Amino acid sequence: MHNNDHGAVGAGWAELIGAVAKSADRVAFARLFQHFAPRVKAFMKRSGMSDSVAEELAQETLLMVWRKAALFDPTSAAPSGWIFTIARNLRIDALRRERRSASTEAQDIEDEFLWDAGPSAENAAATNQAHARISAAVATLPEDQLRVIELSFHQDKAHAEIAEALQIPLGTVKSRLRLAMNKLRILLDDLQ
Amino acid sequence: MTPSSHPPDVLLTASAAGTLDLGWHIAVATHVHGCAQCRAWIRMTESVGGALLENSPPAVMSREALRMVEARFGEAVAAPYACERPGPQTGLLADIPGLPGFVRSYPAGPWRWVAPGIHLLPIYPSAAEEARVFLLKARAGLKLLPHTHTGTEMTCVLTGSFSHDGGQFSPADFDLGDASVDHTISIDGTTDCVCLVAMSGKLRLKGFIGRLMQNFVSI
Ligand SMILES: [Zn+2]
Numbered sequence: 182m183h184n185n186d187h188g189a190v191g192a193g194w195a196e197l198i199g200a201v202a203k204s205a206d207r208v209a210f211a212r213l214f215q216h217f218a219p220r221v222k223a224f225m226k227r228s229g230m231s232d233s234v235a236e237e238l239a240q241e242t243l244l245m246v247w248r249k250a251a252l253f254d255p256t257s258a259a260p261s262g263w264i265f266t267i268a269r270n271l272r273i274d275a276l277r278r279e280r281r282s283a284s285t286e287a288q289d290i291e292d293e294f295l296w297d298a299g300p301s302a303e304n305a306a307a308t309n310q311a312h313a314r315i316s317a318a319v320a321t322l323p324e325d326q327l328r329v330i331e332l333s334f335h336q337d338k339a340h341a342e343i344a345e346a347l348q349i350p351l352g353t354v355k356s357r358l359r360l361a362m363n364k365l366r367i368l369l370d371d372l373q
Numbered sequence: 315m316t317p318s319s320h321p322p323d324v325l326l327t328a329s330a331a332g333t334l335d336l337g338w339h340i341a342v343a344t345h346v347h348g349c350a351q352c353r354a355w356i357r358m359t360e361s362v363g364g365a366l367l368e369n370s371p372p373a374v375m376s377r378e379a380l381r382m383v384e385a386r387f388g389e390a391v392a393a394p395y396a397c398e399r400p401g402p403q404t405g406l407l408a409d410i411p412g413l414p415g416f417v418r419s420y421p422a423g424p425w426r427w428v429a430p431g432i433h434l435l436p437i438y439p440s441a442a443e444e445a446r447v448f449l450l451k452a453r454a455g456l457k458l459l460p461h462t463h464t465g466t467e468m469t470c471v472l473t474g475s476f477s478h479d480g481g482q483f484s485p486a487d488f489d490l491g492d493a494s495v496d497h498t499i500s501i502d503g504t505t506d507c508v509c510l511v512a513m514s515g516k517l518r519l520k521g522f523i524g525r526l527m528q529n530f531v532s533i
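Protein sequences appear in the order of chains V and A.
All residue numbers for the first sequence refer to our numbering, where the first residue is 182 and numbers rise by one.
All residue numbers for the second sequence refer to our numbering, where the first residue is 315 and numbers rise by one.
Derived from the structure by calculation, the hints contain no laboratory data.
It is possible that part of the hints are untrue.
[Stated by the list, open to error] To give an idea of the chain A side of the interface with chain V (calculated C-beta under 8 Å), a few residues:
# : residue
1 : A331
2 : S361
3 : G364
4 : L367
5 : E368
6 : S370
7 : R386
8 : F416
[As the list claims (entries may be wrong)] Chain A side only, calculated, beta carbon under 10 Å to chain V, not exhaustive:
#  : residue
9  : G332
10 : L336
11 : M382
12 : E384
13 : E389
14 : W427
Since the model is a prediction, treat every value here as computed from it, not as a measurement.
All C-beta atoms, glycine included, are put in the ideal place defined by N, C-alpha and C.
Produce the entire structure from the sequences given, and follow the hints as far as they go.
Structural data, given as structure tokens:
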């Protein structure tokens, strides 16, 4: 994937979040902040946010990590997936505020991703293993499939627009997306 | 019980990525609420989102960013659900099986007569823009003649069942229709069929009723 300083510390996110939850550990928080805040900011910018809005949302996301650390359940989500959902919900909130005067509460957006039947049957080991395999699978996606998937995380773009953004033919977008999805679908069937 | 008809992967992914309009998200979420398989897909997509986030190239934060966040640690946090939720009529949705909790919290109703054997209950989500959301209740044994619609239509069965040449749809089954679909729909069995529907386009209820009356319904 992309070249940067991840990997070495990647295994310890859950412990760092746990330390924030248990003892309001500021050193642990700073490490989470240093890795994730700049990446959440980049995520927001790729969604079309201005630098200042992206900065604000990145700070807000990490503030939520601090406040909600005790709610993080390593048996049901990977740390990065959990942080992703916080960032996603704040992005939805920001876009709604931008588009209309009336806005929803952040809590409402959280509810929109809450289903009665949780992943309670899974255990931590299975979740960690699943996450490791998902990360590995994502990392092995060819760059072209990866870019199509990444784009689909950022805007509700018609495939035609993705094709335009990547300057590739529409049929190629569809086949790359299908390939990537099939790969992930097979992986998921494996895990179940 | 596992539903037999699911939203396409791209829809599930868009839902988990948070890029779907709320109206569409509600239709997808209503299916996901009743489908363990798609819940697993959504969770996997969130993990994929996390993996993409974790390994993506960073942007540059302002120099005081960490300090500014730390300064807010002591801020009082409003208790969740402290705000008053709208809708004295949400009781109407409380009795409908198969709806996710957040959908029940929306203002809705009342049930309106649309055509013989058909009633409609509008739902007013906080931020749906592209799609209108409503419940449609059709009497057992009813046949709806082929109709075309201009936009996209997502249907999730809540109770009862219906069929068209694409198959039979039972509780939690998801049916995606677009302008190219032209089905004759029959309501199966002996119980009324209630569906959650999200539909795009500027749906004028009056016009919609009129069209239903004129074109769609045969008893
Ligand atoms: Zn499903």
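Give me the numbers of the hints this structure contradicts, sorted from smallest to largest.
14
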